[in-house]
Structure formats: structure tokens, C-alpha cells
Amino acid sequence: MRYTEFTPFDIVLLAQGLGVSVGLFLATTVIGLLIGTLWAVVRFYRVPVLAQVITFVAELLKNSPVLVQLFLVFFGFPAFFHINLGPVEAAVITLSGNTAAFVYVIAVSAIESIGRDQIEAARAFGLTKWQVLRHIIAPQAMAFAIGPLTGLLVNQLQVTSLISVIGVMDLTKIGNILNLRTLKPFIVWAVVGVLYYLAAKLIAFAGATLERRLRAHTAWKGL
Amino acid sequence: MIKAQSVRKVFGSVTVLDGVDLTVAPGEVVSILGSSGSGKSTLIRCINGLERLDGGSITVDDFDVSKPRELAEARKRSGTVFQMFNLYPHMTALQNVTLAPVEVLKRPKAEAEAEGRALLASVGLADRADAFPSQLSGGQRQRVGICRALAMKPRYLLLDEVTSALDPEMTADVLDILAKLAKEGTTMVFVTHEIEFARTISSRVVFLEKGRLVVDLPTEQFFAADGGLANPRIAQFLSKMRKD
Chain V
17 MRYTEFTPFD IVLLAQGLGV SVGLFLATTV IGLLIGTLWA VVRFYRVPVL AQVITFVAEL
77 LKNSPVLVQL FLVFFGFPAF FHINLGPVEA AVITLSGNTA AFVYVIAVSA IESIGRDQIE
137 AARAFGLTKW QVLRHIIAPQ AMAFAIGPLT GLLVNQLQVT SLISVIGVMD LTKIGNILNL
197 RTLKPFIVWA VVGVLYYLAA KLIAFAGATL ERRLRAHTAW KGL
Chain R
12 MIKAQSVRKV FGSVTVLDGV DLTVAPGEVV SILGSSGSGK STLIRCINGL ERLDGGSITV
72 DDFDVSKPRE LAEARKRSGT VFQMFNLYPH MTALQNVTLA PVEVLKRPKA EAEAEGRALL
132 ASVGLADRAD AFPSQLSGGQ RQRVGICRAL AMKPRYLLLD EVTSALDPEM TADVLDILAK
192 LAKEGTTMVF VTHEIEFART ISSRVVFLEK GRLVVDLPTE QFFAADGGLA NPRIAQFLSK
252 MRKD
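Chains V and R, in that order, are what the protein sequence lines are.
Mapping to this note's numbering: the first sequence position 34 is 50, numbers consecutive.
Mapping to this note's numbering: the second sequence position 177 is 188, numbers consecutive.
Read the hints as simulated data drawn from the structure, not as lab findings.
Careful: at least some of the hints might be erroneous.
[To be verified] Taking CB as the label site, the calculated pair distances span:
1. V:Arg132 with R:Gln16: 49 to 55 Å
2. V:Val63 with R:Lys221: 37 to 43 Å
3. V:Arg132 with R:Lys221: 22 to 28 Å
4. V:Asp133 with R:Lys221: 40 to 46 Å
5. R:Gly48 with V:Trp146: 33 to 39 Å
6. V:Thr234 with R:Gly38: 38 to 44 Å
7. R:Arg210 with V:Ser129: 39 to 45 Å
8. V:Asn100 with R:Gly23: 56 to 62 Å
9. V:Leu214 with R:Ala121: 44 to 50 Å
10. V:Arg132 with R:Gly23: 14 to 20 Å
11. V:Asn79 with R:Ser68: 47 to 53 Å
12. R:Ala246 with V:Asp133: 33 to 39 Å
Built from N, CA and C at the ideal position, the CB exists for glycine as well.
Use the sequences and the hints to build the structure in full.
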């Protein structure tokens with residue numbers, strides 16, 4: 017006979033699932049931020065060919081479903097490159113790439129949002145392109161980008177649920193297992209939903225706090 | 012010495028500078044007059060390397076601004092003050108002033124800050140050193156802009172219509188500071204619409220018209236009836252400017 021009651025151990029399972037989801041989210045966020053920002057810097061320096069290649073790759077990643085990308089990586093890498101990937105590795109590669117593509121777009125528009133006049137002033141005083149990027153553009157671009165980035169990351173947290181289809185034991189996968197065992201979908205999915213919600217709120221809160229700090233220089237406090 | 016020889020600058024089909032020759036020796040205050048679109052600001056932007064030349068050459072103390080390596084040296088010798096201030100909005104007044112000395116001249120931060128505070132105090136902004144540009148009035152912003160240029164201890168100060176965005180009262184504040192600098196022997200290239208002020212502080216006046224340097228005369232002669240005023244275009248320009 018099947019055991020359909022909830023047990024205290026289920027809480028441990030859910031916590032583990034949440035840990036896997038958040039862990040994957042954090043890892044892919046860090047990698048995605050690094051790669052996306054690096055791409056934007058390459059574009060800033062107008063590196064020939066490389067800049068065009070990056071724009072093309074980012075377009076591909078942005079405009080196709082993450083699930084399709086996940087399948088391509090998970091099944092494609094072993095088939096075409098003879099690299100055996102576990103589900104976690106495939107998830108890290110796919111989600112990092114996807115996050116990087118969107119970070120790239122946000123970073124590029126953030127860099128372009130900085131007024132030319134200040135950049136010209138800094139150049140006229142002899143600052144190098146790198147010094148301008150570091151001291152003039154980066155701090156302001158960060159203040160500009162933090163809002164869209166927070167939105168992106170809240171979304172990317174939800175997107176991690178897709179990786180359950182290739183067998184990663186994330187929160188959604190645990191939810192699925194609990195659901196099949198207990199046959200109480202409304203309780204299981206409500207709890208899973210609340211956990212995602214709380215994690216997302218935490219990201220939004222962190223983003224808002226950071227934004228307040230980065231925008232300390234603007235006198236504008238809103239209407 | 013700033014030396015511009017047959018400088019040409021073209022934007023699309025418009026020739027903005029058409030064979031301009033100008034020499035500025037240390038200690039001189041040279042005013043550049045001319046109506047809007049005559050190429051005054053572009054000339055300044057060519058001297059500090061913000062625009063590439065399409066012909067001719069500009070050297071600052073023998074450093075050719077069209078060569079990237081030499082441009083860096085040339086830029087250390089000239090400080091620009093901009094019409095729209097062009098301050099860094101995310102930095103305080105003091106940080107605006109100390110950024111270039113610390114990053115470009117590699118001055119120790121504490122030293123640059125002490126000098127920056129002294130400079131700000133000298134233009135009456137001692138208590139505004141830690142304010143952001145958005146918290147300052149236009150006149151205060153431009154005074155910060157002047158300090159930012161002076162902090163580099165430039166041999167040449169390039170001033171691009173620095174009072175055009177200010178009301179008369181603030182203009183007076185800024186002009187007082189410039190007059191003081193002129194008296195101290197600061198070399199200045201001064202693009203302006205403030206005719207009377209140009210007359211009082213400059214040693215030479217040049218007049219640009221449609222990208223050509225029409226007249227280059229000592230100030231006295233420029234404003235004399237048989238000097239610059241003999242040129243009908245200049246007489247017309249001056250009478251128009253004085254009416255406003």
C-alpha cells in the first residue's frame with residue numbers, strides 16, 4: 017500500500033529542493049552576470065568581429081525558449097561534442113547562458129544611458145577609456161541597471177523550475193514527487209509556490225536595497 | 012604654446028573649420044568671438060582632442076593632438092571648462108575635482124583632496140564640497156567645473172562659453188573668478204558671448220566667421236574704429252551682441 021500522508025521528512029525534502037533551486041539560481045546568476053557584463057565591455061570597446069558574434073549569440077539565447085536550449089545542451093552536447101553532461105551541469109550551462117544574454121542587453125543599454133557630455137569631460141582631462149568605464153560609466157550604469165536586473169533575476173529564479181524536466185532534484189521536482197505520493201496537489205503546489213514566492217521576494221528586497229544605495233546621488237526622491 | 016595650423020573640420024557636408032591658424036603663447040588670454048555656428052566651440056574641441064581633425068595640425072607644447080600617445084600628454088596640459096558644466100553627477104563636488112588628478116596625474120588621494128578643498132574654498136564653495144551636482148545651483152556647478160579644470164594645474168585653460176547657461180547674477184560670479192585667474196597670469200582660450208568681459212580680460216581677440224578666422228588682433232585694436240571695427244561683419248556682430 018502507498019503511504020499518502022505528509023511526514024516531517026517532507027519538510028527536509030522541500031528544504032533540499034529549495035536549496036538546489038536557490039543554489040543553481042545563485043551559481044547561474046553569478047556566471048551570467050560575469051559573462052553578460054564581459055560581453056557588454058567587449059561591445060563598449062567595439063572589438064571587431066567579436067562584438068558582432070556576441071550580439072548574434074545573445075540574440076539566439078534571448079529569442080528561443082529556455083526549455084529548448086536545455087534540451088539542446090543536455091542531449092546535444094553528448095551527441096555532437098561527445099561530452100557527457102549530468103543534468104546539473106546541463107542546467108548550469110543553459111541557465112548561465114540565458115541569464116548572460118539578458119544581462120548583456122541590460123548592461124549595454126545601461127552603458128548607453130550615460131550622458132556623452134560627462135564622458136567627454138573625463139576624456140578631455142586625460143582619463144583612459146578604461147578609467148572612464150570604471151569611474152564614470154560603471155557606477156551610474158549600475159544604478160540604472162539594478163531595477164531591470166532585479167526583474168530579470170526574479171524571473172530567472174522561476175525559470176530554474178524548468179530544469180526539473182531533465183531530472184534535477186530542484187524544488188519543482190520535489191513538489192512533483194510529493195504530489196505523486198500524496199495525491200494532494202493543492203497543498204503541495206501551494207507550499208511550493210509560497211517557497212518560490214518568498215525566495216523571489218528576497219531577491220526583490222535585496223535589489224531594492226542596493227538600488228537605494230546606488231542612487232544616493234540623485235536628489236529625486238519621487239513624487 | 013598652443014599652435015593650430017590650417018585646421019579643417021568637416022561634419023558631413025558642412026565645413027565647420029576652414030583653415031584656421033591660431034597661436035596662444037603662455038600668459039595670453041585669447042578671446043574667441045563669433046556668431047553661433049561659426050566654429051568657436053569646435054575649435055576648442057579640436058584642441059582638447061574631442062574632435063578629430065580633417066586637416067591641418069594642432070600641437071599643445073609640441074605634443075600633436077592627432078597622435079593618441081601625444082594627445083594624452085597634451086590633455087595633461089590643458090584643462091577644459093564646458094558650457095553645460097559636464098560634471099560627473101554621481102560624484103560630490105570634491106570627487107569631481109579630485110578624480111583626474113588622482114587617476115591621470117597619479118597624485119596621492121589625500122593631497123589631491125586637500126588641494127581640491129582649497130580650490131573649492133577659493134571660489135566660495137568650502138561648505139559645498141560634499142554636495143552632489145544635483146544639489147548645486149548652476150553658478151555653483153560651473154564654479155566646480157572651473158575647480159575641476161584648475162585641479163589639473165593646466166598650463167592652458169580652455170573655456171567653452173562657460174557662462175552661456177547661467178543667469179546674469181551667476182554669470183557675474185563666474186566671470187569674477189575668471190578675471191582673478193587672468194590677473195594671476197593663467198593662460199586662457201576663451202570662447203564667449205560676453206563681449207564687454209572679453210574686452211576687459213583678454214590680451215587678444217580673434218573673430219571666427221563660417222569656420223574662417225577673420226581677424227586676430229590685440230584687444231585694443233580689435234575694438235578700435237580703425238581696427239577690427241573697420242570690418243563691417245564684426246561691427247554688425249558687436250552692435251548686435253551689445254543690444255542684447
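Consistency of the hints with the structure:
1. V:Arg132 with R:Gln16: 49 to 55 Å: 28 Å, violated
2. V:Val63 with R:Lys221: 37 to 43 Å: 40 Å, holds
3. V:Arg132 with R:Lys221: 22 to 28 Å: 26 Å, holds
4. V:Asp133 with R:Lys221: 40 to 46 Å: The hinted range 40 to 46 Å is violated for Asp133 of chain V and Lys221 of chain R, with Cβ atoms some 26 Å apart.
5. R:Gly48 with V:Trp146: 33 to 39 Å: 35 Å, holds
6. V:Thr234 with R:Gly38: 38 to 44 Å: About 42 Å separates the Cβ atoms of Thr234 of chain V and Gly38 of chain R, which means 38 to 44 Å holds.
7. R:Arg210 with V:Ser129: 39 to 45 Å: 42 Å, holds
8. V:Asn100 with R:Gly23: 56 to 62 Å: The hinted range 56 to 62 Å holds for Asn100 of chain V and Gly23 of chain R, with Cβ atoms some 58 Å apart.
9. V:Leu214 with R:Ala121: 44 to 50 Å: About 47 Å separates the Cβ atoms of Leu214 of chain V and Ala121 of chain R, which means 44 to 50 Å holds.
10. V:Arg132 with R:Gly23: 14 to 20 Å: Cβ of Arg132 of chain V to Cβ of Gly23 of chain R: about 18 Å, so the range 14 to 20 Å holds.
11. V:Asn79 with R:Ser68: 47 to 53 Å: Between Asn79 of chain V and Ser68 of chain R, where Cβ atoms are some 49 Å apart, the hint holds.
12. R:Ala246 with V:Asp133: 33 to 39 Å: 35 Å, holds
This entry does not satisfy hints 1, 4, going by the numbered hints stated previously.
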